[in-house]
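Student: Sequence:
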Amino acid sequence: MSPPVTIQPSPHSPGKTEMRWLSRSLSDGEQGIPGGKGQGRIYDGFEALQHTDKVVVQQTIETVGASCDVTNTYSLTDKESEQLFLAIEDASCCGRFCCGPARPLRLVLRDRRGNDVVHFVRPPRCDACCCPCCMMGIMVQTPGGEIIGYVKQTWSLFGAAFKIEDADKTPLMTLWTSCCPCRCETDLEIQVWKISDGRSGLIRKQWGGRKQDINMDHETFIIEFPPECDTESKILLIGAAFLMDFMFFEMT
146 MSPPVTIQPS PHSPGKTEMR WLSRSLSDGE QGIPGGKGQG RIYDGFEALQ
196 HTDKVVVQQT IETVGASCDV TNTYSLTDKE SEQLFLAIED ASCCGRFCCG
246 PARPLRLVLR DRRGNDVVHF VRPPRCDACC CPCCMMGIMV QTPGGEIIGY
296 VKQTWSLFGA AFKIEDADKT PLMTLWTSCC PCRCETDLEI QVWKISDGRS
346 GLIRKQWGGR KQDINMDHET FIIEFPPECD TESKILLIGA AFLMDFMFFE
396 MT
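Per the numbering used here, the very first residue in the sequence shown carries number 146; after that it's consecutive.
I should point out that these hints are in silico values taken from the structure, not numbers from a laboratory.
Just to be clear, a hint being listed does not mean it is correct.
Stated by the list, open to error - With a cut-off of at most 25 Å between alpha-carbon atoms, the simulated BS3-like pairs for lysine-lysine come out as follows: (1) Lys199 / Lys339; (2) Lys379 / Lys199; (3) Lys379 / Lys224; (4) Lys297 / Lys308; (5) Lys224 / Lys339; (6) Lys314 / Lys379; (7) Lys297 / Lys314; (8) Lys199 / Lys224; (9) Lys314 / Lys339; (10) Lys379 / Lys297; (11) Lys297 / Lys199; (12) Lys379 / Lys339; (13) Lys199 / Lys308; (14) Lys339 / Lys308; (15) Lys314 / Lys224; (16) Lys339 / Lys297.
Work out the full structure: start from the sequences and follow the hints.
Tutor: Shown next as structure tokens:
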């Protein structure tokens, strides 16, 4: 079992309600189902996402702009500001200095008990349009190594395009945003479409305004899931939000 979470996130502005761990008890039908793949399966630890239609991903203030010896952490909350998970980056100091935001890394998602729920694994890649064979991507897997799915950048001359695939590499969703996403003064919207029924969702990078003391505008993403989105697809969309952050907005 992983060690308990000791870093607690802070609200990004004084006026916001303090974030708290999800306190709602889960019914028997919401418990994680272990074992192999199957329709309707809920992976262990995903239960908190079952009835959630929106997730906010925010880097904690304590780690914004920190040096390489400080672990980047991100809080994931629902629309009621109840904390669902804590994401912790595992990347080498050499990778951060030499590769910057293009560095290989592993993001570990943990629940309120400090248990690992899912790992987001990102290999080193190049996102230059002249290198379509080496596009950005992230693999999503359970702590035991079972692959849940992939988020892959696809080559596009006009805009940044992505696809989300399941473990069998069957396309589930497509994502698109402008080729030159703006970093400031406005929200950035990344459109999401389900291939099965065409229903749409949204990943929005929220502009937090000008701040003199700390730059937090690049660190908040709001994920609005498409209707009737299962927990597996929701986790993959969370992985997509992390990939967008490192591709377009992470500075170090």
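Student: Out of the numbered hints, which ones does the structure contradict?
Tutor: Those not satisfied come down to hint 15.
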